[in-house]
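Go by the hints and put chain B onto chain A.
What follows is the residue order along each chain.
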Amino acid sequence: MSATNASGGQQSKLPLKERLQGSKIKRPVEIASWSQNKLNEIFFDDRALSYYYFKNEILDQHTIDLSKGFNPKEFSNSTATYLDNLLTGIIHEEKKTQQKLPVDIITWRGILTMLLKLSQGQTNPDLVSEEIDLLVTKFDGQIFISQSDSMAVASKAFIDSKPFIKKFMYSGFQFEHVATLPKPWGECSRAEIENRYTTPQPTDPKLNSEYCILIKGGIGDIALAYGCETDCVIGDKNMSDKLANYLELKTSKVIYNSKDAQNFEKKLLNTWIQSFLAGVPRVAYGFRDSQLHLKAVETYEVAQLPVLVKKSKQLPATSKWDGHDVMQFYSIVTQWLKDKVQDNCTYSLKFTPNTSHLVLKPDEVNIGRKHAFLSDEFVNWRNSLH
Amino acid sequence: MGVPAFYRWLSRRFPKAIRPAIVDVPEQVDGVSIPGSTVSYSSPNPNGELDNLYLDMNGIVHPCTHPEDRPAPQNEDQMMLEVFRYTENVINLAKPRKVLVMAVDGVAPRAKMNQQRSRRFRSAKDAEIAEGEAISKAMQLGEEYDNSASQRKWDTNVITPGTQFMSFLAECLKYWVAYKLDTEPGWKDLKVIISDATVPGEGEHKIMEFIRSQRNTPEYDHNTTHCIYGLDADLIFLGLATHEPRFRILREDVFNQNKTADNKKGHIWLDVEILRQYLEVELYCDVPFWDKERAIDDWIFMAFFCGNDFLPHLPSLDVRENGIDVLLRSWRRAIEKSRMDGYMTMDGDVMLSRVQIMLQGVANEEDDIFRKRHEIEMRRQNSRRQQQYNKRIKKAPQDLNPGAEVQLYTAKGEQVDAKPDVPNANGKRTIANVDNVPEEEDNDEVQMWKPGYRPRYYAAKFHLADGESNLSLVRNMVQKYIEGVCWALKYYYQGCPSWNWFYPYHYAPFAKDMAECDVGTLEIKFPSDTIPFLPFEQLMSVLPAASSHTLPKLLRPLMCEDDSPIKEFYPDNFPIDMNGKKASWMGIALLPFIDESRLLEEVRKVYPQLSEDDLARNVRREAVLLVSQHCPVAKDFLTLYDTQSDNNNSQVYFNCRESKGLAGTAKPLDGWRPHRPLINPINSEVSDYQDLTENKSVAVEYIMPANQQHKSMILQGYREPPLVLGPTDIDNIWYHRQKVDRGDDRPDYRRDQQELIEFQQEREKREGGYLAFIESIDKGTPALPNVFNTGYYQQQQAYGSNGNQVDRGYSSRDGAPGYQGNQRYQGYSGYQGYQGNQGYQGYQGYQGYQGSQRQRGNPGYQGNQGYQGANGYQGNTGYQGNQGNQTDQRGRYQNGYRGASQNYNNRGYQSNQRFNNGYGQRQDHGPEYRDFKNKSNDFDTKFVDGRGNQTRNDSRQPNSS
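Residue numbers (the UniProt record's numbering), protein chains in the order written: chain A, 1 to 386; chain B, 1 to 961.
Chain A on its own, in the form it takes in the complex (with noise of 0.2 Å):
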């Protein structure tokens, strides 16, 4: 139990209309990557790096069924726990050079997608209409952030309640395992190459790894770390140039007309603000029939992204979302968050659908651990620090 809540915490609301103009974004960069599997164990290298390797052309030879093997009760998404594997990635890269990282907030990339795409709400109002409900905690003058448990419960339920909702997501998982190779291309032979047409994915918890990557970007003057995890790459991990050929996989369903197009543009603010933050240059997506076929796969180049929904003739003006406002959101949003979020103190930053603040508040919370919601692992480390 904490005691985190000394004076200073004061309630403050933040308009979804606020912007600040002028700040220039930091290129993002790649500092440190683990692979992670369901079970939460943390590896230090690439295991997990999947390559990427798909050709429509298969297409014409095998009906590919992205809810192959998906059998309901064995499914299960990974639930990390706040921002565990993020700190221990953390800390295996801070051991290296016995300094902190020089950043003011850290956070889940996932996280400040949700933040951001607020921002967007007077263009597509589904953007606003889900809650949102994260613990904020300053320690060794740095903001963290996190999902709440709140949250991670109305997650699951949400999940749990439709059954057609697990199969999507086991088929976004399975355009995954179908499109990539756990080892470059040059290594796998035809038989292991083409045998993912026809095998479902493997439900091995230990293997279903994750590859995920810490960032260090920023915006105006204040810097910010973040783990995402990564789909794939093409060709391989270019180490002199970590971030330039990462692939984003994500499925969608298919377009046959302009609702279909205009559904598909809006949420390409949600892959835009997500391979922005990350630096990830490409995008696959998947596209798939209401029986979970794969009917056709294209690529873009995520700085497009926004050209292209502008460019667009389908959805109206008034709907199209845009890149630079989305920045001068994200350049208040964590301004605030700095000027607001006081020592020692643990708030929940919450989104109500249907208002027009985020409020951050402060509050307690109750989980045991010696510093809010962050490992005590981490914590001890920070301060062996000092």
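Hints are supplied without guarantee of correctness; some may be wrong.
What the hints assert, rightly or not - Some chain B residues judged to face chain A by a derived CB distance under 8 Å, without partners named:
| # | residue |
| --- | --- |
| 1 | Thr217 |
| 2 | His222 |
| 3 | Asn223 |
| 4 | Asp291 |
| 5 | Trp672 |
| 6 | Asn707 |
| 7 | Lys711 |
| 8 | Ile714 |
| 9 | Gly717 |
| 10 | Ala772 |
| 11 | Phe773 |
Since the hints were made in silico from the structure, they are not lab data. Keep in mind it's a predicted model, so treat the numbers as computed, not measured. Even glycine gets a Cβ: it sits at the ideal position worked out from N, Cα and C.
Chain B alone, transformed into the frame defined by chain A:
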């Protein structure tokens, strides 16, 4: 194959694959070069930038050392200068930026040695005959025959690994490359690999090994452009077999009748990328396992039966007679009729049961092939005799000189070159008279056009009587032959499977024999631990006694002395079997096959007595890599020689990214040290090449990456170029293809109709994707656009629920709607593959080639289009009856009635495939269509037919997915 005829065939069938090479010329004013201006290597290449250039040095060394159209260089030094000049010319034309590989033929596998042996023995014999004639001519004229060394022709057989000449060549090349790296600024990033005669393997296959090894490294640039220089038709297959799509072949334009101003024939590019586009059409079969890469592999495999360097070709298959079409016909039929359930080859391995099926098809045609051949020959002979006769009676009798040469003509009226043709030393035909084959009397005892030719053939060639031994011989021949094609395929795709294997007969069996032996039951295995011969062993295996001067003195007696235990391998005289052919070089030299173990035993006895110098030539080495001082990895290489400091490495591994285009391991090169002076090994007063006081370039021993497991797949990230085959081109291919499949071998007059306009079109994106959707909206065209909008036939193929093709409602026999052409063609766009529930969509919107329909008075048999099966709302695509109306070939009729069809994409009728629940789905095509949108939900919507009349399609049923 080495057969020019194949190249000719290819250039006729796939014309757009060939284009002339543009030579960069210095700036000119009024046609005069500005003095002092040269074309710099760094300037952009007018032919497009190139990454890697591969030179098969034998294709350069031969024409430089014994050219056909000019006097040979005086001595070996001059020859080297010629080689430099020629190579420089080629390199400046291609301008590779990253890697240059100069591969000289090393010790070849035994299978190839037999061919080399046969050629060299022939050329020695021909030289002897020519000398004999010269002597007798001199005697006739009462002159002295000058037999001095200066008059004696240079023995071209020294161009074989292990000779002094080849060592000298290697030394000169190393010098020249180092010189260029030091002095030519454009070469600063170029990495040059010299694989000389001490590295085992044929030049072109060493190049293949190299490409395979690079391709498998993860840092490899998947859009690397390659170019290989050479005249050999083999290179075309090799280029295709790499499955590196950006491949080009550079060669001299030997068929070019117009020489340029300075009497040089130009060069041409053969673009494998475009050839692949052609092959895509040629080889397409509408089967679920269609895979372009594997189909190409099968094509290459079939070409082996028509001729390759390691086996005699089947008597019934000859490239000049379009033998490859015979095989293709059999293959296509087998696949389309589901007799073959997959491809014959996979990454260099052969599935013999499927080969059996293909061979059975060829076997069924063999008798006919021989008969037709004979008929054509008879006709030709008759027409020639007729012409000769006509010519004679025109001329005044006294002009007839019995000794004069009579001008001969072929049936087509072309002149036949009456000069006796002597092939050049490497046995390759001079292109000039490849088609001009002199007449000779044909006393063919086999007479393949008459029944019973098979026993006659074996009796004549193998001197056997009929009976038991015949059968076992034939079985063995078939076994060996099939081993041969498997060996050749593995050689191309994975590397030499066995250095010792060879085909131990001079003749090939018939396809009938192969089919009867059931090739599918044969077991083909190669021992895994064979090693190549050493250079002297190779020399002993391929050279005739007349060339024994190339060997160390102590080995010569083994070839020349009568009491040599292996003298029987070096006959001075040997029979030549014309085998039904006309030209002398086409005959088969019946040389005894060398018994390898005996030869090696004898030769190895002599080794301990050989001098060190001699032994230095008898080695196996690795390739040499030279880079300029500016190369990013040069510094790392220098650490290999840095014996002083702690920095010393015994090897350096580098990848494609670090070195900008090359991966491998570098080791210190024996006997080389950095920063030493660079000495020109050539003795010549007039030379552009001087000695350099300091060699700044770095040389290392180069070892390729070990992983050479080849997969016939295209690498990820390859950017497909636009399609260059226009509708007429594709038309031509389909027409010819169907002609072949029908067995119609009348001459093809459509050849002249070529797409005259430069055609280029991006491939259509696959339907379902976002960009595909945007593209189709932008074009404003229906999903099944007529062919002239997109240039490709877009025909829907429906699969019945059992996955087989549903009857398309016409049979090719009555040749109905021209040709349904290329149903594949929408493979360029959303080829939907297995569509399951769609029932039968007939073909929608095929309007392209309607010409022949008109001629047949068949108003386009389009009946099928009406029936759209259980697919709910089909809109107007359904009944396009008016398509029968040919007035508008551009198929604008497909929209039936205008008006609302504006935005009505027939594509709409694809929506059937998108049925999720089997009910008519809406297709939003913009504002005009909105009201339809609402209606279409209702299954009772009235449908309109092609005339704009509302009908009801009662046969619809909801799809049950």
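Against the structure, the hints:
| no. | hint | result |
| --- | --- | --- |
| 1 | Thr217 | 6 Å, holds |
| 2 | His222 | 7 Å, holds |
| 3 | Asn223 | 11 Å, violated |
| 4 | Asp291 | 7 Å, holds |
| 5 | Trp672 | 30 Å, violated |
| 6 | Asn707 | 6 Å, holds |
| 7 | Lys711 | 5 Å, holds |
| 8 | Ile714 | 7 Å, holds |
| 9 | Gly717 | 6 Å, holds |
| 10 | Ala772 | 7 Å, holds |
| 11 | Phe773 | 4 Å, holds |
Taken one by one, the earlier hints fail for this structure at numbers 3 and 5, listed in ascending order.
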